[in-house]
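Trainee: The chain contents come next:
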Amino acid sequence: MKRLSTIGRPMRKVDGLAKATGRARYTDDIRLPGMLHGRILRSPHPHARIVAVDTSRAEALEGVHAVVTGRDMPTAYGIIPWTPDEYPLCVDKVRYIGDGVAAVAAVDEDAAIAALDLIDVTYEELPAYLDPHEAIAAEDGPYIHEPRKPGWSGNVTKVVKLEFGDVDERLADADLVVEGEYFFEGTTHTPIEPHCAIGLAEGDGKLTVWSATQVPHYLHRELARVLEVDPAKVRVIQPSVGGAFGGKSEPFDLEFCVAKLSMMTGRPVKILYTREEVFYAHRGRHPFHMRYRTGATREGMLTSVDAEIVLDGGAYASFGLVTTYYSGQLLTAPYQMPAYRFHSTRAYTNKPACGPKRGHGSVQPRFAIEVQLDRIAERLEIDPIELRRRNFIGANTRTVNDLRVTSNGFLECLEEVERASGWKRKHRRLPYGRGVGVAGSTYITGTNYPIYPNDMPQSGVQLQVDRSGRVSVFSGASEIGQGVDSMVAYVVAEELGVPLEHIRVLAGDTDFTPVDLGAYSSRVTFMLGNACIEASRKLKAKVQGAVAEAWDSKPREVLLAGGWAVRAGDTGTSMPLRQAFNLAEAKFGTLGATGSYNTPKDVHGSYRGATIGASPAYSFTAHVAEVEVDPETGFVTVEKIWIAHDCGRALNPVLVAGQMEGSAYMGFAEALMEEQIFKSADQGREGLHNAPSLLDYRIPTSLDTPELESLIVESIDPEGPYGAKEAGEGPLHPSIPAIANAIHDAVGVRMDALPFSPPRVWRAIRDEEERRRAAAPSGRVAVAGGVK
Amino acid sequence: MEVVRLRVNGDERACGVPAHYTLLEALRYGLGLTGSKQGCDKGDCGACTVIVDGRAVLSCITPVWEAEGKDVRTVEGLANGTETHPVQDEFDLNGAAQCGFCTPGILCSSVALLDRNPSPTRDEIRAALAGNLCRCTGYAKIYDAVEAAADRLGG
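Protein chains in written order, with my numbering: chain A, 1 to 788; chain B, 1 to 155.
What the hints contain is simulated information worked out from the structure, not anything from laboratory work.
Covered stretches of chain B, going by a simulated chain A footprint (3 or more residues, C-beta under 8 Å):
#1 36 to 45
#2 67 to 81
#3 102 to 113
#4 118 to 132
Partial selection, computed: residues in chain A whose CB lies under 10 Å from chain B:
#5 ALA244
#6 PHE668
#7 ILE699
#8 ASP704
This structure is a prediction, so every number in the text was calculated from the model and none was measured.
Ideal placement from N, C-alpha and C gives every residue a C-beta, glycine not left out.
Go ahead and model the full structure; you've got the sequences and the hints to work with.
Mentor: Here it is in structure tokens:
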């Protein structure tokens with residue numbers, strides 16, 4: 001590959017200055033003339049039938065322009081086309097405390113809030129399910145949803161049972177079988193920007209919706225379908241988004257409500273969620289109840305893995321069908337696994353719906369399996385890093401569930417964290433109360449299929465060249481802070497030799513950008529990056545052709561770099577790029593090009609469900625965490641996390657490191673602090689969110705967050721743009737098990753339920769002491785540190 | 001509606017506000033200064049942080065009347081004319097802003113810190129930013145940016 005000039009260097013972001021000066025415009029920063037403000041009335045019951053809704057008193061209030069209820073928008077939707085089970089506002093039933101029932105548009109927020117109090121809703125309360133096991137056990141109802149088919153349970157979204165190889169036989173033959181039960185508590189994304197949307201219906205039937213979404217294309221489709229508007233008349237604009245992490249990756253009630261209220265009033269309508277509503281909107285990490293049996297040989301080679309998982313889905317399906325598959329499908333690397341079985345069931349419960357949060361569906365089982373591996377290493381007295389090395393699946397291979405793996409830098413990741421953390425002098429060698437733990441993981445670089453089946457490109461981009469030498473890039477991808485707009489600019493700059501400041505990235509508007517499926521599943525750099533390369537090379541060929549003609553040389557002798565066209569081997573012959581573009585425009589007409597990407601078809605097997613979890617490439621990660629545990633209080637301090645991540649190639653190492661650090665931070669937060677939990681009937685209010693605020697739902701401050709060290713590993717993927725893979729989600733996975741394993745190294749207890757909060761850790765230490773006391777033959781108490 | 005007079009980013013401004021408005025609401029809705037963000041509206045997240053008489057203040061829980069007669073600086077007022085503040089430039093260079101939503105508040109907390117302590121230690125930076133939640137970065141790149149800015153300011 002030729003020497004790269006932009007790619008691989010620390011560059012400024014195209015929106016860096018706008019964000020550092022307060023000029024970046026987020027949805028709530030937009031104010032349209034005559035704009036009304038909306039609010040949504042939410043259910044106070046976890047499960048109830050709506051008997052009647054009377055909006056007349058609210059409609060009569062001064063300043064109120066329109067009130068809308070579920071019956072005004074009675075078309076079911078769902079991000080997964082096979083499980084449409086929700087409505088913009090509830091029609092017949094509410095399914096969690098916070099479910100939307102009616103919405104108001106008024107002259108200002110004060111009037112809208114006052115109007116909500118005047119909407120009279122009569123409910124008939126129904127028994128609520130907070131526990132997924134109880135919901136599943138109620139085979140004959142009452143159901144949270146109507147069963148999708150006769151004989152099915154209306155309390156189950158999806159059941160997946162898949163087996164690869166003969167698990168029972170391999171377990172029977174194993175030298176060692178480790179069994180474990182794990183619980184991963186739910187957590188939520190908590191972007192600092194609350195969801196916000198503005199609707200504007202115009203007299204000619206055009207409907208524009210501005211929204212803090214990470215999936216403008218899917219929103220476009222669902223708005224048109226649910227509101228029965230011609231999709232050609234719907235425009236979705238995505239302004240700057242203040243954090244998403246998967247929490248803005250499907251349509252939400254507010255987007256339908258602002259559109260409908262604007263259609264009813266003829267005026268723009270804005271709804272901004274309160275922070276409390278963000279917690280109800282949720283779609284975050286599912287609580288998982290997991291049971292694992294893992295077989296290994298005496299040498300520590302895995303022979304079989306058997307998993308049984310119950311997913312607590314909350315009130316709606318969301319992405320749950322995919323989550324149920326991901327709970328098993330994404331576990332089959334980076335370790336070889338001759339036999340594997342998983343049986344996953346996603347239950348509905350009367351709580352806010354769960355969905356995809358950074359590392360969708362695979363963070364929870366990764367926690368379990370990496371702790372299982374640590375247990376195996378302990379029992380066999382093998383170093384946990386060595387155990388992982390022995391089980392390395394390799395590059396250019398297929399997993400037991402037939403996922404195609406290409407580049408794989410996992411061994412380098414292990415080496416990096418082992419070296420940087422000083423592992424060999426620390427593991428099992430630190431004093432009681434201090435320890436280190438390791439964990440590894442893999443993650444997809446984009447999902448190989450779109451959410452609705454079609455053969456069209458998954459990413460597209462369009463370039464347009466101005467006579468000034470400026471290149472405009474129309475990109476449908478969603479900038480949510482991960483840096484995609486900058487990535488697009490870097491690729492085009494690299495390919496065309498255009499200075500970065502001469503590139504404009506115009507994104508996030510379905511009226512003028514080609515379709516990109518959205519910022520989810522870590523797909524954008526790989527897919528859109530390849531589309532950008534394709535478009536740039538088409539354009540470059542024209543420029544080379546035109547310049548070659550002027551120089552009477554061959555097109556391939558025309559090099560484009562640093563703002564110039566230069567003749568290869570003759571640096572005296574050159575012209576500014578602008579002139580080269582002008583020559584090409586004169587020869588070929590208006591200059592532009594498109595590029596697109598679609599995943600190759602050979603990346604998965606042929607069994608039912610084989611496509612879910614398949615990706616054109618996989619990233620790999622290893623973490624070492626070092627912790628200090630106070631055995632008196634159970635308080636865990638994570639001193640440092642070393643993060644090694646195989647991102648293929650770091651297109652901009654600063655941005656890659658930022659994703660790695662942000663991921664590890666978020667995993668750390670789930671390990672120690674965060675819980676999206678709900679009150680029980682005994683606690684006074686069944687199904688009420690325990691703490692829907694940023695004070696009580698504890699996300700880490702600067703004082704809580706450990707030191708983070710990023711170690712970038714580049715395996716140069718054969719199909720990635722310049723070899724790049726993902727970096728946004730993979731690096732989260734190992735944080736949690738690495739911390740769990742470090743706690744074991746520190747105080748000898750296994751943490752199998754999240755979060756590792758002081759009461760849980762304290763209890764585990766006490767239980768371990770009790771166990772030791774009981775086991776000590778002469779009644780003497782074994783010193784906890786003595787087992788090391 | 002009542003008229004409140006504010007000195008914001010060096011300008012004397014007057015705007016009509018409902019009596020219950022916070023400083024954040026007056027800035028965003030009254031004066032159109034939308035750089036300061038609303039993330040929680042109850043003083044938990046710090047996205048609304050502005051500088052009032054040299055101190056970092058949560059504008060979403062500051063009644064607008066308390067800011068009368070005081071000197072208010074927002075993210076829009078950190079640059080010196082066309083020249084950005086070194087902290088702003090270093091945020092860009094270091095990748096300290098990802099989604100950018102917490103950034104205006106963090107910049108104000110950082111500038112307030114550097115104005116009173118030109119060469120802060122990393123722990124002092126951590127402490128000064130403890131009231132500003134960032135969900136993207138894990139804070140590491142933010143510390144790098146503030147330290148680099150302190151160096152450039154000669155602290």
